[in-house]
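Peer 1: Now for the letters of each chain:
2 protein chains.
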Amino acid sequence: MAGTDHTKESRQGESGQGGPAIILADPQLGENIGAAARAMANFGLSELRLIRPRDGWPNDYAWKAASGADWVIEGARVCQSETEALGDLNYIYATTARPRDMIKPVMTPEAAAADMRARIAGGQKVGVLFGRERTGLENDQITLADMIIMAPVNPAFASLNLGQAVLLVGYEWYKLEAETLGDGTRQDGPCLEPGPRMPGTRPATREEVIGFFEQMESELDMSGFLYPPEKRPSMVRNIRNIFMRMSPTEQDVRTLRGVISSLVRVHKRKKQDP
Amino acid sequence: MAGTDHTKESRQGESGQGGPAIILADPQLGENIGAAARAMANFGLSELRLIRPRDGWPNDYAWKAASGADWVIEGARVCQSETEALGDLNYIYATTARPRDMIKPVMTPEAAAADMRARIAGGQKVGVLFGRERTGLENDQITLADMIIMAPVNPAFASLNLGQAVLLVGYEWYKLEAETLGDGTRQDGPCLEPGPRMPGTRPATREEVIGFFEQMESELDMSGFLYPPEKRPSMVRNIRNIFMRMSPTEQDVRTLRGVISSLVRVHKRKKQDP
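Quick note, the sequences are listed as chains A and B, same order.
For the record, in the first sequence the residue sitting at position 229 is 229 according to this note's numbering, with numbers rising by one throughout.
For the record, in the second sequence the residue sitting at position 139 is 139 according to this note's numbering, with numbers rising by one throughout.
Take the hints with a grain of salt, since some may be wrong.
No distinction is drawn between identical chains; accordingly, a pair holds when it is met within one copy or between any pair of copies.
Pairs of lysine to aspartate or glutamate residues, derived as DMTMM-like cross-links and limited to a Cα-Cα distance of at most 25 Å, are as follows [unchecked claim]:
1) K104 to E207
2) K125 to D55
3) K231 to E250
4) K104 to E179
The set of hints was computed from the structure by calculation and includes no laboratory data.
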């Protein structure tokens, strides 16, 4: 899915300001930090904090893997302790892949996004904490969080890498933001009424559609397709229904008229050019 | 988020059977194929098809990147053409990162998951098509799809890698499955009626649809409609898109083939019936 539009102004400023901080505890590979930064940029987040990155900081592998999300990498803050990394936050979500033996409420990324949004609107500063690549967060780290985020994942194959875990949290955050920002890629509600959107054209008027139908049916009368007469009405209805189902645009109607005119000319031409 | 529970029975059997096929067109790097397979396993999908993988198949890098999703890699089917890869499917979603100049309906991954679920419940076989890493799907490939999936992404940094794109589609699919499988926290059920129901018939397979296209285009070549040659590809795409939008049934395809055959016969008949 390539397709960054460089003419579009980045939303990292506006959303980053209001979005959750992403905190990586004890990250091991630079590649994973970079993938996390890239995922953050994909979803308009920009505040990255690193607790004790194993291979030091800055890290060339992180830059490469960030694929251009430079401002996230440049702005990353390295911390030596959980207290330093989490100290200014009002509310913290800890991500885990499996239930822990800990009495702590659990939310999906989707529910957490709504929760974050409400808290941020109320003036709170929130952050999402991700653990070390292989082992995840330690219980002591989870203890510092208010809430656990657990994504619905196939329990028999639950291993998400760090970049993917950040991706899912960022995605749910942005999805909710996009609704508010009127981004339009999202339909209102789960039911698609009256149908998915069709960019760059207008629906044909009923007059235009009927004009096309009459042209086609007149040709089909001549060709003998709408025969015998007693079956004609149901055949016409059937064919009209097929085309109506595509919700034709004005441009569609013009194209289809051209197709019909051209098809019926084929034998004329053949006759003329023996 | 480490945390695979090896005591849990994998859901890949039950869900994979019913889930969408994942089709990667012209994938370049084995790592990305592996990441896609891993994401599929995370979300209970198992049917992977590869159209012309650049570096051949099997591919060691893919195995490594799959991180244990061996059954997905082992079951991958390599195809040499779009027709071979898509032929048995009734409904196809194409993923793109930006709007294309193509009149084709667009859905979010979330809405698409609900749509897939309803179609699969109705006996349809569905698939999601992903394009080459840097450039995405070509227009001719998108034309073969019924619907476009576009994830809400920061427009100024929209580049998702292949594994991440598969991850988002799989995640939304599994989220909906997980609700059904009993952890349902969601109150408002998804809309299970994507478009009008078409009683007494079944959606055309892609093979049937392509057969119709080829018949029509061959007639339009003879009639001179698809002229000049340099414009032919875009004209063909445009016409195919118009018909794809109706999600043709098997019966529609037969009717439309009859209409085309009849129209091109029109002048022959005139001569026979004085």
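Peer 1: When the hints from earlier in the document are held up against this structure, which numbers fail?
Peer 2: 2
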